[in-house]
Structures are given as structure tokens and as C-alpha cells.
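Once you've looked at the hints, go ahead and assemble the two chains, each given alone in its own frame, into the complex.
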Amino acid sequence: MTGDPRPGPAGPPERYDDAAGPLVRLYAMTRGRARPATAERFDLMTAVHPVPTYRDDPPLPPEQRALLTRCRHAPAPVADLASDTGLPLGVVRVLLGDLLTAGLIRVTAPATTRPGPHRPSPAVLQEVIHGLRAL
Amino acid sequence: MASAHSDELTALKILVAGGFGVGKTTLVGSVSEIRPLRTEERLTAASVPHDDLTGVTAKRTTTVAMDFGRITLHDRLALYLFGTPGQDRFWFLWDELATGALGAVVLADTRRLADCFAAVDYFEHRAIPFVVAVNCFDGVRDHTAPQVARALDLDPRVPVVLCDARERASGKDVLLTLVEHVAARAA
Numbered sequence: 001m002t003g004d005p006r007p008g009p010a011g012p013p014e015r016y017d018d019a020a021g022p023l024v025r026l027y028a029m030t031r032g033r034a035r036p037a038t039a040e041r042f043d044l045m046t047a048v049h050p051v052p053t054y055r056d057d058p059p060l061p062p063e064q065r066a067l068l069t070r071c072r073h074a075p076a077p078v079a080d081l082a083s084d085t086g087l088p089l090g091v092v093r094v095l096l097g098d099l100l101t102a103g104l105i106r107v108t109a110p111a112t113t114r115p116g117p118h119r120p121s122p123a124v125l126q127e128v129i130h131g132l133r134a135l
Numbered sequence: 136m137a138s139a140h141s142d143e144l145t146a147l148k149i150l151v152a153g154g155f156g157v158g159k160t161t162l163v164g165s166v167s168e169i170r171p172l173r174t175e176e177r178l179t180a181a182s183v184p185h186d187d188l189t190g191v192t193a194k195r196t197t198t199v200a201m202d203f204g205r206i207t208l209h210d211r212l213a214l215y216l217f218g219t220p221g222q223d224r225f226w227f228l229w230d231e232l233a234t235g236a237l238g239a240v241v242l243a244d245t246r247r248l249a250d251c252f253a254a255v256d257y258f259e260h261r262a263i264p265f266v267v268a269v270n271c272f273d274g275v276r277d278h279t280a281p282q283v284a285r286a287l288d289l290d291p292r293v294p295v296v297l298c299d300a301r302e303r304a305s306g307k308d309v310l311l312t313l314v315e316h317v318a319a320r321a322a
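Taken in order, these protein sequences are the chains called A and G. Here the first sequence stands for residues 1 to 135, numbered as in our numbering. Here the second sequence stands for residues 136 to 322, numbered as in our numbering.
Next up, chain G with everything else stripped away, as it sits in the complex (with noise of 0.2 Å):
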């Protein structure tokens, strides 16, 4: 493996996955420079319904916006962060997404446990590192770290810890925790 010294481009994703309105763009944006990532996809039959489609019948192609931030380490070496698209009918994006990730953040909200259960499923069926931030919402935290470790049912060795996604911080911190928690893992 090179080093990151060399003269090539070490450039290293991570995924930032949860529920719809759970932070995600505001993590990202908050850690990053933030921008978006369009990707234009064929419209199957299964996403038709979800989708308006009065008035414009012809349109067989739907536009995903995914966010998609920098963060430059030295000028060889930088962390893409992704956030992974909310809607089910995107799954087939994430497969792309986590190919070669060093890994997740997992957002999730206590208000709404459940909305997080996909991603970490889909993380642990792919032996894809990842760690579990709760964002407090307005600085109420109303759990601990291991109830939701519990409510979870998580490997003990998955760190979850409490952020508040608006803080850059607080963000930075859930990254640096990812990032030792890969490298305990490959130690």
C-alpha cells in the first residue's frame, strides 16, 4: 500500500447513512464543504408511483441528488464524506457507495429508532465498519449512548456516541471516532 506521501491521490469515502430528516445533509455541511452530487437514474417501474408524473409522461430518467463533501487532510490526502439517498427506491445507489468505503456513520434519532434499522443491517451484512451517532435534536438527550446500543441489538464493539450534527465539533468528533474505530479493528 502506498503511503499517502506518495505522489498519488489518497482519496477516502465515507458514508453517512440514516433516516429521512435525520441530519444527514447537516452533518455533512457541518464537517465538510458541502456540495451536490447529481446522478441521473432510469425510473423503474417499482419507483413510478412514488413519483408525480402528471404532465410529464415522457420522462423515463429521475435526477438524485446526493450530498457529497470534502474534507482535504494535506493535498494528498482527503476524506469524501457521502450522504446515502433516503428513499428505499435508492438502494441500488448505496451498493456503488459502499463499494471501497472505509465506512459509515449511522445517524439516528431516539424519536424515531426505527428509521435507522436499514442502515445499520445493511452495514453489518457487508462486515462494512460503522459507528452510531445520535443526534440530539436542540441539545436534549433524552438517552444514553447504551440504551441505544440496546434498543440496537449492536455488536458491544460498535461505538455509539451522542453529537449534535450542526456542530462542526461535534462532527469532527464522530468521524475520529469512526476512523479509530476502523483502525482498532484492522490492528
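In isolation and in its complexed conformation, chain A is listed as follows (with noise of 0.2 Å):
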């Protein structure tokens, strides 16, 4: 063991020992639940928007808050809020879905959640070329 198993602001160096795995059993924060409670699946590039009535109050779990400020000034795909926060995907997902459920945040589904490619039009193709080509 070489982390201290107190839980801290959302992280990963405190959330994770290699040998041990996740110090904070992370489905507690789930109340154990592995997916959510919604219908809606959370796709990896669901666009996460906070509804802009939202006050913290009553206060919300540190996780839950870590997730509503990270998408605060521009909506998020699920997999940023994973990434960023250092929480699994599947915690997210469950987070999401209470947050969804409570009315704090609103989703757009990526263009297409079919399995298989997804074809953007022309006009969003030659921007990404276009971009790509001035990095």
C-alpha cells in the first residue's frame, strides 16, 4: 500500500494503488449500481451541457460536483469527464444518469450511436482536414 485510502477531491493518485487497485471502492460512490438508471447509455462522445439553473444546493457528492464543474463552460463528451476527473467510465455513467435524472444536466447524442462508422458531411470533413493542416 502506498496511498493513503482517506477519499480526496477526485483523482487518480489518491483514488488508485497499483497493487491494490482502487482505494475508495468506486461503486460505493454508486451506491453500487453499474449502469445507470436511465434509459439514456451515455455513448463515450455524448455531450454533457449543465442546466444553467443549477446551485449547489442542496450540496451535491464531491464526484458529482467534479463532473458539473468540468462541462461548466462548454458541454463535455462523457469520455473528457472520465478522463478528467480520473473516475471510470462506468462511475460516470451512473453519476451522469442521477445528475440526468435530477435535472442538472441536459445530453446531445453524438451524430450517430449505430454500430459501425459514422460518415460527418462534406462540410464537417474538409473543416477537420483544414484544421488538421494548421495544427
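Hints should not be assumed to be uniformly reliable.
Computed, partial: chain A to chain G, Cβ under 7 Å [stated by the list, open to error]: (1) P59; (2) P75; (3) A82; (4) V128; (5) I129; (6) G131.
To list a few chain G residues with every Cβ distance to chain A over 12 Å, as calculated [to be verified]: (7) G156; (8) H209; (9) F252; (10) V296.
Note that these hints are calculated values from the structure, not bench results. Note that beta-carbon positions come from the ideal geometry of N, C-alpha and C, so glycine has one too.
What follows is the structure in C-alpha cells.
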């Protein structure tokens, strides 16, 4: 054991120990749930927008607050929220499901969630090509 | 289809696949701001023999870390790169990653070309556009792109490029080749 098992602000250094695994049992945060209670499945590229009327009253658990803070200024895909908070995807999906149920976020699905490839419009592809060339 | 100029976010997903140790992490890191993305997965009976569970017999889930990188093109348009987990036991993660993907880069090492067969098959069967990028370690270019294309029995339209995954410009060219290939297929 090299880590400190106290729950801290969301972030990988305090949450993981290479040998022992998660120091806070991750699914304690979700009260044991492995999947969101909503019909929404939260694709990796689903954009999450906070609802502007949100005030932290009653106070939210720190993980939910971290998720809301991360997308406060611009919509963020689920993958970004998981990576930036250091929480595993499964946990993030459950917590986002709670936020959606509570009316604190809205989501926009990616252009397609069908299996297989997604081809955006030629205009978007040209924007990507120009953007990459300009990097 | 909304233009990327609308107020919604256009987030496009590109997969980076290939055998273990071929340079996927290096490529994602050279062209984007790379960060880990963790997913906690239930260990299946099939995967247990691969993990050393001595002393942690109560452990029923395992943390899979994927390489994940973002390239912000403008404030409402971003590319997201996902390095697919190399081990076979994580194939189930590929299906989620492949859903709605723009396309894929299959990284190949000519010394171990067979390591990328599985990725090539996967994208061919799902009609996901892909390019093969031959990572030339230490600048050694001992095979030509047509030789690799023949060895992999690729559809002649699939681009094969030589690259140096450590070089940002080279990685950027690989992504450009992919997006141009996607655009050509759509035309």
C-alpha cells in the first residue's frame, strides 16, 4: 500500500494503488449500481451540458460536483469527463444518470450511436482536414 | 447534419489499433494531449488465468486503462483518439469504441506484421474506414508501403503510409490521410 485511503478530491493519485486497486471502492460512490438508472446510455462521445439554473443546494457529492464543474463553460463529451475526473467510465455513467434524473444536465447524443462507422457531412470533413493542416 | 459551426459540439472519434508495443501510445501522445481513460470491467472466467490474482482473490473487476487524446480543431470541433487495448481479452471494449467511429489507424510493425491482422479484419468486417501506418522504428524503412499492402492483402483503396509515431508531423500526416480517405469514400 502506498496510497492514503481517505476519500479526497476526484483524481487518480489518491484513488488508485497499483497493487491494491481502487482505494475507495468505486461502486460505493454509485451505491452499488453498475449502470445508470436512465434510458440514456451515455456514449463516449455524448456531449454533457449543465443546466444553467443549477445551484449547489442541497450540496452534491464531490464526484457529481466535479463532473458539473468540468462541463460548466462548454459541453464536454463523456470520455473527457471520465478522463479529467479520473473516475472510471462505468462510475461516471451512473453519476451522470443521477444528474440527468435530477434535471441538472442535458445531453446531446453524438451524430450516430449505431454500430459501425459514422460519416459526417463533407463540410465537416473539410473542416477537419483544414484544421489538421493548420495544426 | 448540423454544421460544426452550430452551437453543438462536433466530437469525432478515431481509433488507434495494432499489436502490443507497436507504438499506439506514442502516436496518440505525439499528435494530441494524451490522458488516461479508465474503465472498470468485470473479470470474466476467460480472463482470470491471465491476471495474477494471488492474494487478491476477492477482486472481481479489473481496471483497463486506454490511451485517450484530444485534438481541438476549434471550440466546437474536436477529434478524439482512442488507443484500443492490445490484449485479446479486451475485444469487448472495441465494439463500444468502434460505434460511430469516423475511422481507424492500424499501426503496423514490419517485424511483427501478423500482430495487426486482427485489427485489419475487425475494421474490414465492420466497414469502418482505416489506414495502415507502418511505424518505422529508429528510421528503419526496410519495407515499402506496397509490400506491406500486399502482405496484408488489403483492398487497393486502403492507404498504407510509412510513419514515425514519435514525430508530431508524421502522426498528423497519418490522421490527414485517414480523414481524406473517409472523405473520398463518402464522395
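Outcome of the hint check:
no., hint, in the structure
1, P59, "violated, 26 Å"
2, P75, "holds, 5 Å"
3, A82, "holds, 6 Å"
4, V128, "holds, 5 Å"
5, I129, "holds, 5 Å"
6, G131, "holds, 3 Å"
7, G156, "holds, 20 Å"
8, H209, "violated, 7 Å"
9, F252, "holds, 20 Å"
10, V296, "holds, 14 Å"
Taken one by one, the earlier hints fail for this structure at numbers 1, 8, listed in ascending order.
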